[in-house]
Amino acid sequence: MDLSAINPVLLVASIMISATPILLAAIGEMVVEKSGVLNLGVEGMMITGAVIGFIVAINTGAPLLGFATAAIAGAVLSLAFGVLTQIFLSNQVATGLGLTLVGLGLSSLLGKPYEGQKTVTLPKLDIPILSDLPVVGRMLFSHDIMVYLSLGIVVAVWAFLKHTRAGLILRAVGESHESAHALGYKVIRVRMLAIMFGGACAGLGGAYLSLVRVPQWTEGMTAGAGWIALAIVVFASWRAGRVLVGAYLFGGITVLQLNLQAAGLTWGVQYLSMSPYLITILVLVFISSNRSRSSHDAPANLGQTFHATR
Amino acid sequence: MIRRTLLATAAAGLTLAFGAPAMAQDVTKACFVYVGPIGDGGWTFQHHQGALAVKEEYGDKVEIAWQESVPEGADAERVITQMALSGCNIIFTTSFGYMDPTNNVAAKFPDVKFEHATGYKREHPNVSTYNARFYEGRAVVGHIAGKMTKTNKIGYIASFPIPEVIMGINSYYHHAKLANPDVELVVTWAYTWFDPAKEADAARAMLDQGVDVITAHTDSTAPLAEIAKEGSSAWGFGQASDMAAFMTNDDGTPGPRVASIIDEWSPYYVKRVGQLMDGTYEQVDSWAGMPEGEVVIGAMNDAIPDDVKAEAQAMIDAITAGEYHPFTGPMNKQDGSAWLAEGETADDGTLLGMNFYIEGITGDIPN
Numbered sequence: 001m002d003l004s005a006i007n008p009v010l011l012v013a014s015i016m017i018s019a020t021p022i023l024l025a026a027i028g029e030m031v032v033e034k035s036g037v038l039n040l041g042v043e044g045m046m047i048t049g050a051v052i053g054f055i056v057a058i059n060t061g062a063p064l065l066g067f068a069t070a071a072i073a074g075a076v077l078s079l080a081f082g083v084l085t086q087i088f089l090s091n092q093v094a095t096g097l098g099l100t101l102v103g104l105g106l107s108s109l110l111g112k113p114y115e116g117q118k119t120v121t122l123p124k125l126d127i128p129i130l131s132d133l134p135v136v137g138r139m140l141f142s143h144d145i146m147v148y149l150s151l152g153i154v155v156a157v158w159a160f161l162k163h164t165r166a167g168l169i170l171r172a173v174g175e176s177h178e179s180a181h182a183l184g185y186k187v188i189r190v191r192m193l194a195i196m197f198g199g200a201c202a203g204l205g206g207a208y209l210s211l212v213r214v215p216q217w218t219e220g221m222t223a224g225a226g227w228i229a230l231a232i233v234v235f236a237s238w239r240a241g242r243v244l245v246g247a248y249l250f251g252g253i254t255v256l257q258l259n260l261q262a263a264g265l266t267w268g269v270q271y272l273s274m275s276p277y278l279i280t281i282l283v284l285v286f287i288s289s290n291r292s293r294s295s296h297d298a299p300a301n302l303g304q305t306f307h308a309t310r
Numbered sequence: 001m002i003r004r005t006l007l008a009t010a011a012a013g014l015t016l017a018f019g020a021p022a023m024a025q026d027v028t029k030a031c032f033v034y035v036g037p038i039g040d041g042g043w044t045f046q047h048h049q050g051a052l053a054v055k056e057e058y059g060d061k062v063e064i065a066w067q068e069s070v071p072e073g074a075d076a077e078r079v080i081t082q083m084a085l086s087g088c089n090i091i092f093t094t095s096f097g098y099m100d101p102t103n104n105v106a107a108k109f110p111d112v113k114f115e116h117a118t119g120y121k122r123e124h125p126n127v128s129t130y131n132a133r134f135y136e137g138r139a140v141v142g143h144i145a146g147k148m149t150k151t152n153k154i155g156y157i158a159s160f161p162i163p164e165v166i167m168g169i170n171s172y173y174h175h176a177k178l179a180n181p182d183v184e185l186v187v188t189w190a191y192t193w194f195d196p197a198k199e200a201d202a203a204r205a206m207l208d209q210g211v212d213v214i215t216a217h218t219d220s221t222a223p224l225a226e227i228a229k230e231g232s233s234a235w236g237f238g239q240a241s242d243m244a245a246f247m248t249n250d251d252g253t254p255g256p257r258v259a260s261i262i263d264e265w266s267p268y269y270v271k272r273v274g275q276l277m278d279g280t281y282e283q284v285d286s287w288a289g290m291p292e293g294e295v296v297i298g299a300m301n302d303a304i305p306d307d308v309k310a311e312a313q314a315m316i317d318a319i320t321a322g323e324y325h326p327f328t329g330p331m332n333k334q335d336g337s338a339w340l341a342e343g344e345t346a347d348d349g350t351l352l353g354m355n356f357y358i359e360g361i362t363g364d365i366p367n
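Taken in sequence, the protein lines are chains A and B.
Under the working numbering, think of the first position of the first sequence as 1, with each following residue one higher.
Under the working numbering, think of the first position of the second sequence as 1, with each following residue one higher.
A hint or two may mislead.
For lysine to any residue, the following SDA-like pairs were computed, each having C-alpha atoms within a straight-line distance of at most 20 Å [as the list claims (entries may be wrong)]:
no., chain 1, residue 1, chain 2, residue 2
1, B, 153, A, 11
2, B, 153, A, 182
3, A, 124, B, 233
4, B, 229, A, 102
Residues from chain B shown here face chain A by an in silico Cβ test under 10 Å; the list is partial [unchecked claim]:
no., residue
5, 150
6, 152
7, 153
8, 190
9, 202
10, 206
11, 228
12, 245
13, 359
14, 362
Because the hints were derived from the structure by calculation, they are not lab data.
All values reported here derive from a predicted model rather than from experimental measurement.
Each residue gets a CB set at the ideal place from its N, CA and C atoms; glycine is no exception.
Chain A on its own, in the form it takes in the complex:
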């Protein structure tokens, strides 16, 4: 074993890239769940974003346009989920799973002609001064713009939920839709917007996979990233800062264990790979072991349907 072969600067840099897709998807899903809606279709929206982003980028030569379209595509797909669950009051779990299946099938259909093609990818930013700093310049300040955008979204979501009136309303809708409705807030409208935000973020995350991280289109390429994003939201107990920690931890451990293996460590790698899931289970046990604490964490109306006349 030769741990000195691992360069910490490159390790952190590749962790940031590796974690970005799940970070984007998870922060979007957190907002959705904060509004009281459980959308299990993250995987489907991600892969739709991945294929749409790829198609647009390859045809226009503009990756940023690909990202924008991917966000719109994710939002449009999530809108279908929103209409079904919020207006037609369908079961959220079943509809979310359906959304995943639709996304996987749709993306495979749309992506067929694009398999094996190469696309233009996002350039790495060259930030004056910062990028030239020793160590941190390469580690933190030489990424593409989407890495910083994802961090910006996390900060924005945190500030929105914590410090704005609209954020307070969104949380109120998630905690008690009856009360929010009685106070005159438009529960369904708020939830629709949250669902679309979640869809847009998942679309961006998917496009990051197909345009930067891999970068190519392969059918089924998200390979479960959407489910990891869902696990991160629970792991983070619905807080923006912890979503960031969770995404970097989940993404980081994958990269770290591969680096450890490449450096010659073979023992215990499997345990390291499964540790994020183990931690998620522990967090769940911890949350549910204490009733008063659980009321502070999961939105009280998570996954429940709302109808104004009930």
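With chain A's structure known, arrange chain B on it following the hints.
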């Protein structure tokens, strides 16, 4: 009431759907179970090419059907059962993890022929196994890797610790070492056959640590896309399929894919379905390689120096002619104990159960 009507309709529909092919026995139905999507550009893509070759060869006399992305394990058993029920005469299950499901289903359908790829269990007379000698291809790319590395560190993205993969690692390393005595091998286990992001991460981890030639035992083209980011300072190989998209860069310079190991299943599939139709079908344990055309080395690009190309071609010719076996002694096991004496070649049984590294490889095989 409504539910009962629905069930009756469904039952009628099932009879129509599954009953009809059973009556028309003059058409042979060949079915394929795939572990990944056809669009993976690798393993599953090649199996599907084989399936299409069957259709091409026999036309209206055969009907083909397939199911993609079938998880290994309990789900596979359900899918295979459904295929057997729907009138398939021969079912090809194309991944190692379908071994037990295939044998379980075969016990229930003695009249259906089952063909399991890369496995070793034939518990029933209607189960055959088939495989290709991929280690012959690994030998050739190992030689190229040994000659091309500048850092003397070469990489292998491994999927699962099964004999098939260990055989590939040993063959790759052995021939790299023969070509370049200073070479060092880095193995990472991805524990997946198909997860482009993770495959790319594995390639990235190796590149960050100075590995400059990587071969993959996973199914997608993601490692090549990751290697491409290094410009022309790191190289890789097409795996299972030619992956020709990475052969040349857009600016005309040689791409990261310097050569490839192609799995050519068509000869086997065409032969077996043909035998089933003319009644000469028998249970087999098939393990063919370069001589039969089941393992093919794709075109080498210009990143490889001409003398190395010639050496690689000579090795291909020798293996194809049956003059050279990639596991020819002297070879020792990792712990230094003798395995093959000078000139001795490995027998198939040892290879198919291979659970040890050869001398010079560092690290342990995970359990």
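The hints, checked one at a time:
no.	hint	in the structure
1	B:153 to A:11	holds (18 Å)
2	B:153 to A:182	violated (68 Å)
3	A:124 to B:233	holds (19 Å)
4	B:229 to A:102	violated (33 Å)
5	150	violated (16 Å)
6	152	violated (13 Å)
7	153	holds (9 Å)
8	190	holds (8 Å)
9	202	holds (5 Å)
10	206	holds (5 Å)
11	228	holds (8 Å)
12	245	holds (5 Å)
13	359	violated (16 Å)
14	362	holds (6 Å)
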